[in-house]
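Now for the letters of each chain:
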Amino acid sequence: MKRPVALGEFEQLVLLAILRLGDEAYGVTIREEIAACTGREPSPGALYTTLTRMEEKHMVRSWLGDATLKRGGKAKRHVAVTQAGRNALLNAQRAYQSLLQGLDLLGGADA
Amino acid sequence: MLRSFNAEWLLARFVGHQQSAALMGDLLEQRTERGAWWFWRSFSGLLLAAAWRPLVGFIAAVVVSAVASSRLMTSTIGMWSTAPLQTTMFVAMASWFVAVYSGVRYGARDALSQVAGAGAMLSTMGILLWRHPAALLSVGAVAIGVALVFILLRSHRMAMGALVTTSVIFLAGYALMAYSSDVYVHHVLRIRLLGSAELEQHPSIQYVILAFLLLGEGVTAFVCAKLHHKFVKRPNPDLIMAR
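Top line first, the protein sequences correspond to chains H and G.
In terms of the numbering used here, the first sequence has 55 at position 55, counting the first letter as 1, and numbering is strictly consecutive.
One gets the numbering used here by counting positions in the second sequence from 1 and adding 111 to each.
Simulated from the structure, these hints should not be mistaken for lab results.
Please read these numbers as outputs of a predicted model, since none were measured by experiment.
Among the clues, some could well be false.
[Said to hold, decoys possible] With a Cα cut of at most 25 Å, we get these calculated BS3-like pairs of lysine-lysine:
#, chain 1, residue 1, chain 2, residue 2
1, G, Lys-337, H, Lys-57
2, H, Lys-70, G, Lys-341
3, G, Lys-341, H, Lys-57
Could you put together the complete structure from these sequences and hints?
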């Protein structure tokens with residue numbers, strides 16, 4: 001049986017942000033989405049490293065989009081999650097869900 | 112002052128032109144609201160993230176190949192006139208250089224790292240066992256077996272081609288370094304004999320030899336990265352389907 005690909009916490013955040021953004025996912029919007037949802041804004045360097053690594057693992061794919069004047073006439077690099085990325089994310093989330101079962105962290109007195 | 116155009120050019124040395132333009136576009140898009148300090152701080156972070164592996168890989172490759180060649184030369188004193196041994200020595204030096212550079216830059220799972228690593232180990236073993244024909248034959252048989260396995264795997268087959276080409280560039284760089292250094296020594300000393308007294312009298316000779324050596328190795332690393340990008344990098348199955 002093939003071992004599922006392990007995902008780090010930041011990789012999961014990036015994949016979830018890309019899925020939430022859909023066709024609008026590129027460097028700036030991904031960082032803004034993560035900042036809006038978690039309160040922590042990743043640095044462009046950290047995001048670049050993670051996206052490159054995940055593209056090499058075929059979890060995301062990218063393509064060049066339109067250029068705008070605001071961007072100095074430079075094209076956006078759009079990103080989308082592949083089926084392999086979805087599967088890896090699903091596996092990671094399932095692992096979290098099974099570990100959370102019975103703990104009642106979200107709705108308990110300690111929440 | 113470093114302008115954004117120069118910054119994009121610098122970043123492109125490590126991530127390619129398209130990626131560099133897209134990354135600089137992301138920074139420029141937010142520069143108006145976040146300011147120049149944020150822009151240059153983010154650019155520095157991006158440059159560091161993109162450049163550390165190639166730079167550390169290059170430095171490690173230079174050091175490891177130098178140490179390996181020095182150790183191997185010491186262990187084969189008196190046998191240097193043998194042409195097959197000299198060839199194996201160059202193969203070992205080139206393989207160690209590529210194995211370390213590729214290992215740091217692309218990781219141990221990369222096909223080029225694995226092929227170059229196997230080449231480095233086998234050629235080193237061959238040199239160390241040069242005086243023992245039976246053991247040397249066994250290493251040769253293992254090398255043929257490993258080469259056949261690599262030929263059957265597409266990515267490793269391409270990596271073997273990349274390693275052979277890079278090794279030829281490495282050898283050419285080494286030969287050019289030796290020739291250029293010889294010309295410089297003759298220019299400075301008017302003789303071709305070089306000992307510790309001459310080096311003490313003209314320390315520039317050491318710097319010139321080192322500069323030519325680093326230039327040759329820099330070209331080797333550049334060619335290695337280009338060949339890896341063109342032939343060894345695994346294609347994304349999603350992109351193949353999209354075509």
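Hints, verified against the model:
no. : hint                  : result
1   : G:Lys-337 to H:Lys-57 : holds, 20 Å
2   : H:Lys-70 to G:Lys-341 : violated, 33 Å
3   : G:Lys-341 to H:Lys-57 : holds, 17 Å
Checked against the numbered hints above, the structure violates only hint 2.
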